[in-house]
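Visitor: Whole structure, please, built from the sequences with the hints as guidance.
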Amino acid sequence: MSTPPAPLPPLHALAAFEALVRHGSVARALSELGVSRAALTGSLALLEARTGMQLLIRHSPTVELTDEGLAYYHAAAAFARGTADWLHGLGSGFATEVRIAASPGVARLWLAPKLDALRAACPGVALTLSASESLSDLDRSECDIAIRYCHPADHEDSRILWQETLGVLAPASRALALGLRALPELLASEPLIEHARLPWTRLTRQLGLTELPRPPVLVCHDLYAALLACARGDGLALMPVQLTQDFCARHGLKTVHPLRLPDKSYVLLVSARGQARPVVQACADALAALAQPIAEADTGLPQGAQDLPPD
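Every letter in the sequence shown is one number past the one before it in the numbering used here, and letter 262, counting from 1, is 296.
Keep in mind that a hint or two might mislead.
[Unchecked claim] With a cut-off of at most 16 Å between alpha-carbon atoms, the simulated EDC-like pairs for lysine to aspartate or glutamate come out as follows:
hint: 1; residue 1: Lys148; residue 2: Asp319
hint: 2; residue 1: Lys298; residue 2: Glu198
hint: 3; residue 1: Lys148; residue 2: Glu66
hint: 4; residue 1: Lys298; residue 2: Asp188
What the hints contain is simulated information worked out from the structure, not anything from laboratory work.
A quick note: this is a predicted structure, and the numbers were derived from the prediction, not measured.
Guide: Rendered as structure tokens:
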């Protein structure tokens, strides 16, 4: 006589486990579920008893999963997302979640100013944003969409948002006077601010200089901090023109020279699970629409701006 299959765990146990791991915090899981800590602990114990597996090493103060627990979480998360997507598709006020990861610079400088427009384009979608430089969050499906600064050929199925160029930024009050001087003269006489990933040496090579005439007065690993220093008048900054457009408009920065340096692209990457979710594809379409190329007059570039040849 065959043994009857074990019944599936109750939905409340699956929901408790999925929410706890997704949030990584007992407090946030309790807030979403609207249950007591004792009820959450009981649901987790019931889930482990029904599955016959140890899923959690511990869940307080941080969530730590066993290997079996991680695999089970992916299955539970797929079920939760599928259910939420189906209800959202009914158009009856049900919400679903889309998770977006971007580098800190992109998240703060480009994505944050466009959140209202993105929410309007994706009604009923709860957007969860994270700032990360690593692609591991996409590989492990911790996010649905990632925005990355790279060469599109480096990633299969990447979707170009825009091709970036670098320009020399300065406060608007000095832009006209600085723009009348040749770039080699500016590099030799003006203090320079450098972002670690955007070295001035790239520009000096294009200008035929053997070395930077004077070292930067400030080197930042944070794009936003480098822009703030430039806006204070601490020095010139070599920055992505389109990425920094909103910041420059708010803080009075202008591109002071007509020569621009071609750079990498900003691209959209969608996780394997996200590719199977229409709501994720719709969100990716909305992000792409928000990344339409900007007019030259909107960048603060001098008229007749010209691209330098690729590095």
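Visitor: Next, verify each hint and record whether it holds.
Guide: Verification of the hints:
no.: 1; hint: Lys148 x Asp319; in the structure: holds (14 Å)
no.: 2; hint: Lys298 x Glu198; in the structure: holds (6 Å)
no.: 3; hint: Lys148 x Glu66; in the structure: violated (26 Å)
no.: 4; hint: Lys298 x Asp188; in the structure: holds (11 Å)
Taken one by one, the earlier hints fail for this structure only at number 3.
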